[in-house]
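Quick mapping for you: the protein sequence lines, in order, are chains P and X. Be aware that the first sequence starts at 1, since it is given in the working numbering, and climbs by one per residue. Be aware that the second sequence starts at 1001, since it is given in the working numbering, and climbs by one per residue.
Since the hints were made in silico from the structure, they are not lab data. Certain hints may be false.
Derived DSS-like pairs: lysine-lysine, alpha-carbon spacing no greater than 30 angstroms straight-line [stated by the list, open to error]:
#, chain 1, residue 1, chain 2, residue 2
1, P, K36, P, K9
2, P, K9, P, K19
3, P, K18, P, K36
4, P, K9, P, K53
5, P, K18, X, K1049
6, X, K1049, P, K38
7, P, K53, X, K1061
8, X, K1049, X, K1099
9, X, K1109, P, K53
10, P, K22, X, K1068
11, P, K18, P, K41
12, P, K9, P, K40
13, P, K9, P, K22
14, P, K22, P, K40
15, P, K9, X, K1049
16, X, K1109, P, K19
17, P, K18, X, K1109
18, P, K36, P, K22
19, P, K19, X, K1049
20, X, K1049, P, K40
21, P, K19, P, K41
22, X, K1109, P, K40
23, X, K1049, P, K36
24, P, K19, X, K1068
25, P, K41, X, K1109
26, X, K1109, X, K1068
27, P, K9, X, K1099
28, P, K38, P, K18
29, P, K40, X, K1061
30, P, K36, P, K19
31, X, K1061, X, K1099
32, P, K19, X, K1061
33, P, K38, X, K1109
34, P, K38, P, K53
Covered stretches of chain X, going by a simulated chain P footprint (3 or more residues, C-beta under 8 angstroms) [what the hints assert, rightly or not]:
#, region
35, 1034-1044
36, 1096-1105
Please read these numbers as outputs of a predicted model, since none were measured by experiment. Every residue gets a Cβ at the ideal spot worked out from N, C-alpha and C, and that includes glycine.
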Amino acid sequence: DTEVTQTPKHLVMGMTNKKSLKCEQHMGHRAMYWYKQKAKKPPELMFVYSYEKLSINESVPSRFSPECPNSSLLNLHLHALQPEDSALYLCASSQGPLDEQFFGPGTRLTVL
Amino acid sequence: AQSVTQPDIHITVSEGASLELRCNYSYGATPYLFWYVQSPGQGLQLLLKYFSGDTLVQGIKGFEAEFKRSQSSFNLRKPSVHWSDAAEYFCAVTGGGNKLTFGTGTQLKVEL
């Protein structure tokens, strides 16, 4: 299984809502990533988990809260988002820090 | 710090014509280089990667790339483009630490 899955595919939320994005991989990868991608732009790294520990936080606002419950799962908890947070949120995984990253299809988030 | 430059924002080619997408990188040591493709609203798919060894790398979908250390380049090529190749193409580099740096992308349009 060489797939990274993400749910939901689409999410619309108000600025006072709390929601979560989910990501799963069964490739035995030990690193997992969250990226944010705005239209016509490259992905921007948000968080990296390595061996289930947060290793990189790219100065992301606290309204985004990552969680890695186990080596296969990665969540991104969302609370009090702003309209400018609307974007495609991509999850990825890799075996190690120098290996290719496998990307999921993304969650299209719209904040009203 | 590592960086990637993709000089061409948009490229249009006719179906059946050859293609070359340019990528220049900046990194102090031996880089690990990747080309990804992204269709609209989708995740990123790895086309090919260069870690070491043979500087001409073969990838999926008939793509290849050549690593030229003297020019700090990793250009992507395809001898005959198909209409389904229309997409956004990202070059990326890493030197480790789980951080993948993307170029700004090249939008490929294929004329029938």
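Now the hints, each set against the structure:
no.: 1; hint: P:K36 - P:K9; result: holds (14 angstroms)
no.: 2; hint: P:K9 - P:K19; result: holds (13 angstroms)
no.: 3; hint: P:K18 - P:K36; result: holds (18 angstroms)
no.: 4; hint: P:K9 - P:K53; result: holds (26 angstroms)
no.: 5; hint: P:K18 - X:K1049; result: violated (38 angstroms)
no.: 6; hint: X:K1049 - P:K38; result: holds (25 angstroms)
no.: 7; hint: P:K53 - X:K1061; result: violated (36 angstroms)
no.: 8; hint: X:K1049 - X:K1099; result: holds (15 angstroms)
no.: 9; hint: X:K1109 - P:K53; result: violated (41 angstroms)
no.: 10; hint: P:K22 - X:K1068; result: violated (39 angstroms)
no.: 11; hint: P:K18 - P:K41; result: holds (26 angstroms)
no.: 12; hint: P:K9 - P:K40; result: holds (19 angstroms)
no.: 13; hint: P:K9 - P:K22; result: holds (10 angstroms)
no.: 14; hint: P:K22 - P:K40; result: holds (24 angstroms)
no.: 15; hint: P:K9 - X:K1049; result: holds (28 angstroms)
no.: 16; hint: X:K1109 - P:K19; result: violated (36 angstroms)
no.: 17; hint: P:K18 - X:K1109; result: violated (39 angstroms)
no.: 18; hint: P:K36 - P:K22; result: holds (14 angstroms)
no.: 19; hint: P:K19 - X:K1049; result: violated (35 angstroms)
no.: 20; hint: X:K1049 - P:K40; result: holds (23 angstroms)
no.: 21; hint: P:K19 - P:K41; result: holds (25 angstroms)
no.: 22; hint: X:K1109 - P:K40; result: holds (14 angstroms)
no.: 23; hint: X:K1049 - P:K36; result: holds (23 angstroms)
no.: 24; hint: P:K19 - X:K1068; result: violated (46 angstroms)
no.: 25; hint: P:K41 - X:K1109; result: holds (17 angstroms)
no.: 26; hint: X:K1109 - X:K1068; result: holds (26 angstroms)
no.: 27; hint: P:K9 - X:K1099; result: holds (25 angstroms)
no.: 28; hint: P:K38 - P:K18; result: holds (21 angstroms)
no.: 29; hint: P:K40 - X:K1061; result: holds (23 angstroms)
no.: 30; hint: P:K36 - P:K19; result: holds (16 angstroms)
no.: 31; hint: X:K1061 - X:K1099; result: holds (26 angstroms)
no.: 32; hint: P:K19 - X:K1061; result: violated (37 angstroms)
no.: 33; hint: P:K38 - X:K1109; result: holds (20 angstroms)
no.: 34; hint: P:K38 - P:K53; result: holds (27 angstroms)
no.: 35; hint: 1034-1044; result: holds (count 6)
no.: 36; hint: 1096-1105; result: holds (count 9)
When the structure is compared with the earlier hints, violations turn up for hints 5, 7, 9, 10, 16, 17, 19, 24, 32 and for no others.
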